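Asker: The chain contents come next:
Number of protein chains: 2
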Amino acid sequence: HRKWSERKVTIFTPMSDQQETGPTMRRLSQLESVVLWNRARQIKRELKQGVKKPYREVIDISWGDPQGGGIKPLSFVRQVLAACHYPQLLNSDKLPEDVRQRAERLLKECAGRSTGSYTATQGIPYIVKGISEFITRRDGGVPSFPNNIYISSGSHAVKTGVLTPVPCYDKVNMSIRELGGVTIPYYLHEDQGWELQIEELNRALESAKGVCNPVALYVMNPGNPTGSLPQRRSSFSWLMRVNDLEFVSYKKVLAEMGPPISETVELASFHSASKGLIGECGLRGGYVELVNVDPAVMEYIYKLFSTDSCASVPGQIALNLMTHPPQPGDPSYSLYNETTLIHNVRRVFEVLNSVPGFSCQPVEGGGFAFPRLHLPLNAIHKAKEAGMQPDEFYCVRLLEESGLLVNPGWNFEQKEGTSHFRMNIMIKEETLEGVLRRLVSFHTKFMKEFS
Amino acid sequence: HRKWSERKVTIFTPMSDQQETGPTMRRLSQLESVVLWNRARQIKRELKQGVKKPYREVIDISWGDPQGGGIKPLSFVRQVLAACHYPQLLNSDKLPEDVRQRAERLLKECAGRSTGSYTATQGIPYIVKGISEFITRRDGGVPSFPNNIYISSGSHAVKTGVLTPVPCYDKVNMSIRELGGVTIPYYLHEDQGWELQIEELNRALESAKGVCNPVALYVMNPGNPTGSLPQRRSSFSWLMRVNDLEFVSYKKVLAEMGPPISETVELASFHSASKGLIGECGLRGGYVELVNVDPAVMEYIYKLFSTDSCASVPGQIALNLMTHPPQPGDPSYSLYNETTLIHNVRRVFEVLNSVPGFSCQPVEGGGFAFPRLHLPLNAIHKAKEAGMQPDEFYCVRLLEESGLLVNPGWNFEQKEGTSHFRMNIMIKEETLEGVLRRLVSFHTKFMKEFS
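These protein sequence lines are chains P and S, in that order.
Just so you know, we're using the UniProt record's numbering here: the first sequence kicks off at 1 and counts up by one.
Just so you know, we're using the UniProt record's numbering here: the second sequence kicks off at 1 and counts up by one.
Don't take each hint at face value.
No distinction is drawn between identical chains; accordingly, a pair holds when it is met within one copy or between any pair of copies.
To be verified - Derived lysine-lysine pairs resembling DSSO-like cross-links, with alpha carbons at most 30 Å apart:
hint : residue 1 : residue 2
1    : K252      : K129
2    : K108      : K72
3    : K52       : K382
4    : K94       : K72
5    : K48       : K94
6    : K94       : K108
7    : K108      : K48
8    : K108      : K44
9    : K94       : K445
10   : K44       : K129
These are computed hints drawn from the structure, not numbers from a lab.
Quantities reported herein were computed from a predicted structural model and do not represent experimental measurements.
Same shape as in the complex, but just chain P:
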């Protein structure tokens, strides 16, 4: 095994977590956290039957689904979709001018002017081109080529040895293993804001010796469940960068490193309409940009995507709207903003770091917080007795007593001996205030009980 920095590797980087999924994740996790999810279902049933509890409803923030969590979809997105599906709406002046223009433009690019037609395998060429322009803009001019971009409804995973972060959204590992691949865990350094360290990558590579052939590195930006952005703090400069928390893509950093690295390291960079500002999980729209990928592999990738025909047109439209939002001066501009998420990020950080027994790294992106629990030994023993992981034990009690459903850290294969949970913060501001009240009140009681 050569050292990491000398290897020709493929980097997989979902910009937002295209693989995230709600009910699925819950059901699969059932295999692990059976107690928690079963109890949640039961409690919901009991509440329906009128059983008295200290709360009137269960708030489920264990997975990330903004619209499922009550956040209203963006009017611009929904108006364009409605007009594309039913173009008669274009004749009325009830829709803003920019909505009608966008819908007209998109319909012009659909065969037969209809969202019901097939598209090319990679996606509608106009939308694919628009995505490449978005990426070029995002990365300050680093060129992106339409031929390297594929729009997909789902996600496509990879084979054989893949280095995956700990903690990591569980479906990443599951997909790799199901395709016959082996995952090689590398640990993110929590106290350094979930930093990725080159020494740790090298340790992980060593650990793979005789087990598998590591061919790819999976990184998430922002992280899931950690909500962290990679920083330039570490010596592994091409994967890291401080920029006042501005999003900097791995694609851009790779380009800035110059040849030969910028021309040889293979990068597959994913993004989707499911998270972030647009939050349209149900439309199933995502894309992957492939950089420096071997032409023979590109041919195979084309075939892989073409057996799925094409991505859904509504999903493709969502990607167009996400990569080309309304501009200042457009009638729909003012409605299209992101205040909720920024407010929530600040509140979660403030509140959780002010309570003993909690610590939370800053949420720098994405829609999740992943606070750490510093549990008393008594609680850890009690969990063992109940046959549960400590953080699962905490989460079951939290659910039971406060009606809050969060996702225990060990579902993300987090490091032994540490306790965490992941909470969705893509929820209404009022809902978040209620969540924090319930959480702090429960936590204080819990810590007292076991100290």
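Please arrange chain S on chain P, whose structure you already have, making use of the hints.
Answerer: Chain S alone, transformed into the frame defined by chain P:
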């Protein structure tokens, strides 16, 4: 090898061809029919540049995309979709009452009343249940269980030896081979209306000896490209049935055979919103119903689907509307009809069977005709000289001289020594008349030239 009738097999039956795809297929076929597709692109370019030809535009009926081919989407479908995406439309009385009711009902079943939320892996339970009711109704009471149904955006294929029909839509074979499977061709009997014969299945099974382990039989109902429905003419009764051309599903026939067959033969039955009356290819909605499948395999299938999160919500809505169309008395009922396809089926049969050198089995379902060409020896020699298959040669000349683009039979791996082409008949009536005029005029000239 035991005989076919004694084996425990899995039958794969797409009721309509969920795997069909337009531009994809064209691009993949390029690998084979390079001359034809390249020439089509070139001619389109020449026409744009003002080059004089005997026609003003190329009509592409080489693949099946009703809306791409100018057929208007169903208003009911599009109104419900528009209202689901942008519920403000429900407040206006411009939409029919049944449209508003359906949209209300569907939104109630979406998390957060939004099409932008994740759904369960199998699909929205209400829609899945509706599909199982539709199947039960379709099959005259043969029960269908929601737990056996999965909604998907794409298609999921199978491993190792699979018997596939000849002719067959090329992506079926491609998918199987790409997954490391082996296809075992069985020939449909053209002169008997593309009948499937048990002797031929047994021959195909024998041919697999020492090559692979046949585990599944792939059947299409209606056939693609043949447009035929399976009939009860043959001794292989459980796969066949005459019913005055009424659609009878394999699911139903299987149930009617009684135990032990009805309880042991594994069946995976696909259907989609891409073809038929609704013709919504771009929404990417399909489902599979699994019958008699081993519980261990069912668990694997759940995992397989869950790595794709869930199908797109617009696609799921399309399935609901397809399986529960407006009923007599509903305001949207009269608009929701299928006269075009029935008219086209009759016209194509009449015209093609009246011209020497053509013969065409009745189109009994689906959206394609697959006429046979009886080409003069001179034409066959000429094709050989040009390095083409006879039917490809014919199709290139047809394109060149009349601007009609159809799909040569050898792209469907049709039997050596026979010539066919597949044409999409899901097009506007006026367009079809133009197509038939061009076709007959070219054909007559071609036959004269080479006789």
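Asker: Please list, smallest to largest, the hint numbers that this structure does not respect.
Answerer: Violated hints (numbers, rising): 5, 9; every other hint is consistent with the structure.
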